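Use these hints to put chain B onto chain A, whose structure you have.
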Amino acid sequence: MSNWALIIYCGLITYLTRFSMIALIKKEMFNDRVRQVLSYVPSAIFPAIIFPAIFLDSSGSILIEDNPKILAALIATLIGIFSRSIIATIFSGLASYWFLIFVV
Amino acid sequence: MKNNLNVFLKGIVDVSPLMIPVVPFGLIFGVLAIDVGFSPLETMGMSLIVFGGASQIVLLQLFSGGASSLVIISSVGAVNSRHLLYGAVVSEHLSDLRLIWKIIISYFLIDQAYAISNEYLKKNKDKNRYFHLVGAGATCWVIWQSTTFLGIILGAAIPEKLGLSFAVPLTFLALLVNDFRKLINVIVIIVSGLVATVGYNYIPFKAYAIVAGLTGLLVAMILTKMVKTNE
Chain A
6 MSNWALIIYC GLITYLTRFS MIALIKKEMF NDRVRQVLSY VPSAIFPAII
56 FPAIFLDSSG SILIEDNPKI LAALIATLIG IFSRSIIATI FSGLASYWFL
106 IFVV
Chain B
170 MKNNLNVFLK GIVDVSPLMI PVVPFGLIFG VLAIDVGFSP LETMGMSLIV
220 FGGASQIVLL QLFSGGASSL VIISSVGAVN SRHLLYGAVV SEHLSDLRLI
270 WKIIISYFLI DQAYAISNEY LKKNKDKNRY FHLVGAGATC WVIWQSTTFL
320 GIILGAAIPE KLGLSFAVPL TFLALLVNDF RKLINVIVII VSGLVATVGY
370 NYIPFKAYAI VAGLTGLLVA MILTKMVKTN E
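As given, the protein sequences belong to chains A and B, one line each in that order.
According to my numbering, the residues represented by the first sequence are 6 to 109, in order.
According to my numbering, the residues represented by the second sequence are 170 to 400, in order.
Extracted from the complex, chain A is given alone in its bound form (with noise of 0.2 Å):
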């Protein structure tokens, strides 16, 4: 598949799923169950994309002694359970990356 039909195709699934939520979806189709298993779709998928990130090298392999993004990753954590503010997490897992990398 072309990059141009794999964005086109992403944007389609983007904007259907967009569009089902304002025109095709009603609040009684959901009953409290669904809706309350759905209220954990971000922290069941984002992991997914955040863990491999931090523990995998570039080749794939995991990746635990002197890797600074682990420590990173748990000081952006602490503050963001703290702040409850995201630009605070991602800058402070940011400069703690570089601190780490550059002065320590």
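Hints were generated in silico from the structure; no laboratory data involved.
Since this is a predicted model, take the numbers as computed values, not measurements.
All C-beta atoms in this analysis are idealised placements derived from N, C-alpha and C, irrespective of residue type, glycine included.
Incorrect hints may appear among the rest.
[Claimed, not checked] Listed next, the stretches of chain A that the computed footprint assigns to chain B, with coverage defined by at least 3 CB atoms under 8 Å from CB atoms of chain B: (1) 34 to 48; (2) 51 to 57; (3) 65 to 78.
[Unchecked claim] Here are some chain A residues pointing at chain B (derived, C-beta under 7 Å): (4) 26; (5) 28; (6) 30; (7) 98.
[As the list claims (entries may be wrong)] Each computed SDA-like pair below joins lysine to any residue, with the alpha-carbon atoms no more than 20 Å apart: (8) B:375 - B:239; (9) B:171 - B:250; (10) B:330 - A:62; (11) B:397 - A:36; (12) B:296 - B:175; (13) B:375 - A:63; (14) B:330 - A:36; (15) B:330 - A:103; (16) B:271 - B:239; (17) B:292 - B:177; (18) B:375 - A:103.
Frame of chain A; chain B shown alone:
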């Protein structure tokens, strides 16, 4: 009743604080897309056609890992499935909207826009209240397109050893800040993360994101059920 322009402007003002984290997100996307091998035109096209931060970053991440198109598209679908929940909440405020407006507004319906407009729609029953959503959505659109563009330009100037790709997991981590204090969420996060990391090399077709997501959701189903029966 306020006129359309005023409601539109109110949407812009209300959504503005939420645009602060979107700026680095857009920049990072632009820089990474070029880094991963998309042309500047394709990168800009992605922001124009997809217009969704999480979808676009997932696309890049899996593309750079060599996943097949089918896996990339279904992973983008999985990431978007969280919107179905919001649909159940938002649709009741938009039910009397004409179809043509639903078609147009759908394009602008990103997290930040409806998060802020949902509050307005709840309190306001004027006929032109939807202009709030259009104002908020248009603001996000302008910020997202311009920061993507800047990222494309800056990409060449940013040294690789800065490790800006680390901003991707950080951005997604930041989207979970409200879930870190809830035990079930934390368990789901760790299970999904471990499945993805360990399965990265073993799950065929690079479908690790989907497998990890479904495992996490299954754990959430079991745990919420257990909590309920204990009550």
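Verification of the hints:
1. By the rule of at least three residues with a Cβ nearer than 8 Å to a Cβ of chain B, the coverage given for the stretch 34 to 48 of chain A holds, with 11 such residues.
2. Counting residues of the stretch 51 to 57 of chain A whose beta-carbon sits less than 8 Å from any beta-carbon of chain B gives 7, enough to reach three: the coverage restraint holds.
3. Counting residues of the stretch 65 to 78 of chain A whose CB falls under 8 Å from any CB of chain B gives 6; the rule of at least 3 is met.
4. Of the supplied interface hints, the one on residue 26 of chain A holds, with its beta-carbon coming within about 3 Å of a beta-carbon of chain B, less than 7 Å.
5. The interface hint given for residue 28 of chain A holds, since its Cβ lies 5 Å from the closest Cβ of chain B, which is under the 7 Å cut-off.
6. Look at residue 30 of chain A: its Cβ gets to within about 4 Å of chain B, closer than 7 Å, so that hint holds up.
7. With a least beta-carbon distance of about 4 Å to chain B, the hint placing residue 98 of chain A at the interface is held under the 7 Å criterion.
8. This hinted pair checks out: residue 375 of chain B and residue 239 of chain B have alpha carbons roughly 10 Å apart, not beyond 20 Å.
9. The straight-line distance between the Cα atoms of residue 171 of chain B and residue 250 of chain B is roughly 35 Å, outside the 20 Å bound, and the hint therefore fails.
10. At most 20 Å may separate the alpha-carbon atoms for a hinted pair to count; residue 330 of chain B and residue 62 of chain A meet this at roughly 14 Å.
11. With a C-alpha separation of about 15 Å, the suggested pairing of residue 397 of chain B with residue 36 of chain A holds against the 20 Å cut-off.
12. Straight-line distance between C-alpha atoms of residue 296 of chain B and residue 175 of chain B comes to about 13 Å, which keeps the hinted pair within the 20 Å bound.
13. Between residue 375 of chain B and residue 63 of chain A the CA atoms are separated by roughly 15 Å; this keeps the pair inside 20 Å, and the hint holds.
14. Only pairs whose Cα atoms come within 20 Å are accepted, and residue 330 of chain B paired with residue 36 of chain A is rejected, the gap being roughly 49 Å.
15. Of the pairs offered as hints, the one joining residue 330 of chain B and residue 103 of chain A holds, with about 10 Å between alpha carbons and a cut-off of 20 Å not exceeded.
16. As the CA atoms of residue 271 of chain B and residue 239 of chain B are separated by approximately 28 Å, the hinted pair breaks the 20 Å bound.
17. This hinted pair checks out: residue 292 of chain B and residue 177 of chain B have alpha carbons roughly 16 Å apart, not beyond 20 Å.
18. A threshold of 20 Å between alpha carbons decides the hint, and for residue 375 of chain B with residue 103 of chain A the separation of about 30 Å lies outside it, so the pair is violated.
Of the numbered hints given earlier, the model fails hints 9, 14, 16 and 18; all others are met.
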